[in-house]
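**Student:** One line per chain: the protein sequences are A and B, in this order. Quick note: the first sequence uses our numbering, first residue 1, plus one each step. Quick note: the second sequence uses our numbering, first residue 1001, plus one each step.
In short, the hints are calculated from the structure, not lab data. Among the hints, erroneous ones may be present.
[Said to hold, decoys possible] Cβ-to-Cβ under 10 Å is the rule here; a few derived chain B residues that face chain A: (1) 1044; (2) 1046; (3) 1054; (4) 1062; (5) 1074; (6) 1086; (7) 1088; (8) 1097.
Remember, predicted model here, so these are calculated numbers, not experimental data. Don't be surprised by glycine CBs; every beta carbon is placed ideally from N, CA and C.
Here are the chains, one letter per residue:
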Amino acid sequence: MKSSVKSPARRSMRESASPWAACSVLILCLLPAFLSAQTSSSDKPVPILTGSAGYFTFVTAGQTQLNAQVNPVILVPLGDHWLVESRAEFQGAFQRPPGGGPFGGPVNKNLDYAQLDYIANPYLTVTLGRFLTPFGIFNERLYPIWIRSLQQDPLILPLSAESSDGMMLRGGFPVNAAANLSYAVYVSAVSTDHNNLQSDRSVGGRMGIFLPGSRVEVGASWQKLLQDGRTNAFGFYSAWQPQRLPLNMHSEYARSSPGSGYWVDGAYRLSQLQFWHRAMRRLEVAGRAEQFFSGQIGSNAAQALGLPGVNTREGEFGLNYFLRDGLKAAVSYGRQFSSDGNSNLWTVGIAYRFALPLGRVGQ
Amino acid sequence: MRLAIIIAGWALALLSVMGVAADSPRNNAPTTPVAQNSAQAEAMRFEGEKRFRANCGRCHAAPQKFPPRMMATIVRHMRVRATITDEDTRLVLFYMTQ
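Can you build the whole structure from these sequences, using the hints too?
**Tutor:** Shown next, in the form of structure tokens:
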């Protein structure tokens, strides 16, 4: 949820500090580590340009939208403990105007994250910069179009901020032979006027337990806004991948002042079917059920945040065909039910994940 | 605000020194483990595949294997993104570079 109203006091504070001075301090402080981190060993990690590109046609309640997007990710490892990573989003959403005519629309540009990671020890990674808000699992792990099994966003995704600017501590470690604990805590202290770098002033965190034997993960998230209504948001999530079935199950629940809701989705790879095996092992069946309950804000305010204006239920079913590694074709159909009227949701498209080295990789 | 910048500067300087210290020869940097013999390598590859399926398969299908220097970067990125443990990171990297 991005707030566009900034208090005069905060604006004044921001104007009093020179960003160039802050950058200079940052560069001077990190220079020794960066210089010492440069190595030329042949097995050292190399910078990478990766990411995804996709083209989709969404038909929502009879309205067609052509959606083309590129999401480049830059990964620059430094030494054994540092990583600079960034992801941008360029997305064109084109529709016909209400009176008819050619397709047209804006091309949105957004910086999802630009962060410096320091892997301090096996238990702790320190992250500075702009990062994906660790709330639930969809935003951080399932958002890329080549990963998600259904291309429509879950209804409750806008309940927490997608990106935050500040500092985060995170890590994962085994607590015993049967369980791993993961955590992330953060403070988002910067809120800029720049459209592509906006974030809320907030604190929050997430904690999860993963049982590798049964491949079950459960966790909880919390976020507190330190501006506007100083509201709290919390949520729970789960992931399950049974050992004997090529099935991936995920679910999430979130509650905040604008509303609450849940989604449950599953994706089943048909690789165990004995007929047409060459085709079936590339085919995945996916489904999602979700529900959103309106909260303490009005319909227009909710829609401004990207949430439904009224209580809404939705079911979606889709097929993904993996043409080759990183390239998949997707088609899905969904039905949305609300007091504003029911509607059909059709999606057809293709998603591609690329990865290119930005240096010599040898054989 | 100046105080905040000074504190942030000192914090970064401290992190910077920690980074230099961590790059010394006696650090335990997360690199690919080395197998002493073929039996141990096979056991590590098996364990790495198991960890790969448990950790990476929770979110996405198995990708192709990239060159080792690319895999090292990708696995480091995923260690941060998916909060994978240090041991799992090492074994997954071993499996993905064999």
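**Student:** If a hint holds in the structure, say so; if it doesn't, say that too.
**Tutor:** Each hint, compared with the structure:
| no. | hint | result |
| --- | --- | --- |
| 1 | 1044 | 16 Å, violated |
| 2 | 1046 | 14 Å, violated |
| 3 | 1054 | 5 Å, holds |
| 4 | 1062 | 9 Å, holds |
| 5 | 1074 | 7 Å, holds |
| 6 | 1086 | 4 Å, holds |
| 7 | 1088 | 8 Å, holds |
| 8 | 1097 | 9 Å, holds |
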